[in-house]
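Given the coordinates of chain A, work out where chain B should sit on it, guided by the hints.
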Amino acid sequence: MPSAPVTLLNARAVARTISRMADEILERNDGTERLILVGIQRRGVQIAQRIAAVIQEREGADIPLGALDITLYRDDLQTVGPRPVVGQTHLPKAIDGQVVVIVDDVLFTGRTIRAALDELADFGRPSRIMLAVLVDRGGRELPIHADVVGQTVTVPPGGRVDVFVPELDGKDEVTMVGGGT
Amino acid sequence: MSLLGKDLVGLAGLSREQITTILDVAEPLREVSERAIKKVPTLRGMTVVNLFFEASTRTRISFEFAEKRMSADTVNVAASGSSVSKGETLVDTARNLEAMRIDMVVIRHASSGAARFLAERIESNVINAGDGTHEHPTQGLLDLLTLRQRFGTLEGKRICICGDVLHSRVARSNIWGLKSLGADVAVCGPRSLLPNAIGEMGVQVFSRIEQAIEWADALNVLRLQLERMQAGYIPSLREYNRVFGVTRARLERAPRDILILHPGPMNRGVEIDSDVADGPHSVILDQVTNGVAVRMAVLYLLAGQKASLADVAKGGAA
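Protein chains in written order, with full-length UniProt numbering: chain A, 1 to 181; chain B, 1 to 318.
One chain only, chain A, in its complex shape:
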């Protein structure tokens, strides 16, 4: 029988975590100069928007926001399902010489991030690319790590981490099914 979902972060904890991630991004970049946040479709986009809002509040700076859809860069064409969804990729400005922060909800195998790096390279040559994730659940299949991590959890084989965002899911929460931290 599948185990009940365990709440890893409730709405307040998500807000605190995102606030801390925004601070870390500012510290690592020494401010907002040349900073661009790019969320990975779909929930990474919402998290990037929230990080940008915190930075705006802290620094009074509007951070350019973009969205990456990595579907066409995946290395597993066989996962094209019965109703495939290809989302929009949109970058707010040229990324040459900029500091691009890729934002995603969960970091797992690393394959999504590999695809995102490939896609970004088709748009230009940033001076630096950083990775910020709300949850790092381990289980990497590629040598990829995040620069900014909201929460690290260890998920047993077969377990799952779900990030819910108000815009898409009507609730603000991170849960895990199938194991403890």
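In case anyone wonders, no lab produced these hints; they're calculated from the structure.
Glycine included, C-beta positions come from ideal geometry on N, C-alpha and C.
Treat each hint with caution, since some may be false.
Within a straight-line C-alpha distance of at most 25 angstroms, the following computed BS3-like cross-link-like pairs (lysine-lysine) qualify [unchecked claim]:
| # | chain 1 | residue 1 | chain 2 | residue 2 |
| --- | --- | --- | --- | --- |
| 1 | B | 6 | B | 68 |
| 2 | B | 6 | B | 179 |
| 3 | B | 86 | B | 38 |
| 4 | A | 93 | B | 38 |
| 5 | B | 39 | A | 93 |
| 6 | B | 68 | B | 39 |
Short derived list, chain A residues pointing at chain B, Cβ under 7 angstroms [what the hints assert, rightly or not]:
| # | residue |
| --- | --- |
| 7 | 72 |
| 8 | 80 |
| 9 | 122 |
| 10 | 126 |
Frame of chain A; chain B shown alone:
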């Protein structure tokens, strides 16, 4: 498993859900053509053969752009200069190409049914790029995408297909596709250029272009196939323009703004006047742009199906 199956032969057999999925996938793919590097790696390592046994410029180029923008390797084969001109059959040509490990065939052929005939005999995915007077499904899909972008939904929209319906594969794909998405469909043209049983396809028939303009939200104006006109289907081109030509003067009397589509190439001054083709109601160049995106979507969906089947064959998860 992919929604489309192995081949795209026509729109007649596709459900509303299948057509909607293709259009939904095509929509964001338009953006790839706007990039500085107009290429994604999705079909890297796949080989697509464009088997064009009938003259075509825009459809072949549009497919080729779509294939290249998805990173597929492409080979173009025309009937002239190939072994077909030495008497080789269609199936032998395709089987020989398959033996060179190709993945997909895009076929244009003068015979109705050629695409299905091929699809049933080879393992590669087959995409119909126009077969005789039967269907031209990707043209139908790009017309649907263009209309959906302008109208939001096709439900209840009134679309009239005007002109040489008799010889038009575009008309058939349009009728099936439009009706699947809930549009009301009509045809308009001289009786000699309408199929006898056109009413059985569930469309209205207008014999005067003024009636069509009065009724429609959009006109899809078909090319008068001049190469077939020696058979005496119409008295003269001038007469045709006078009675059935889509002109600015006629559009100005329309009760509402009408979108004008044309699959090209256009006979300016015959079925459509230049000031209409280049005017504010025209979405003809949008159709061309959407053509590449729709073909990218079809390639992607069929390739996904192929990979999925290959994975099952190896004992993996589909």
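Practice task
Report the numbers of all earlier hints that the structure fails to satisfy, in ascending order.
Solution key: Violated hints (numbers, rising): 3 and 10; every other hint is consistent with the structure.
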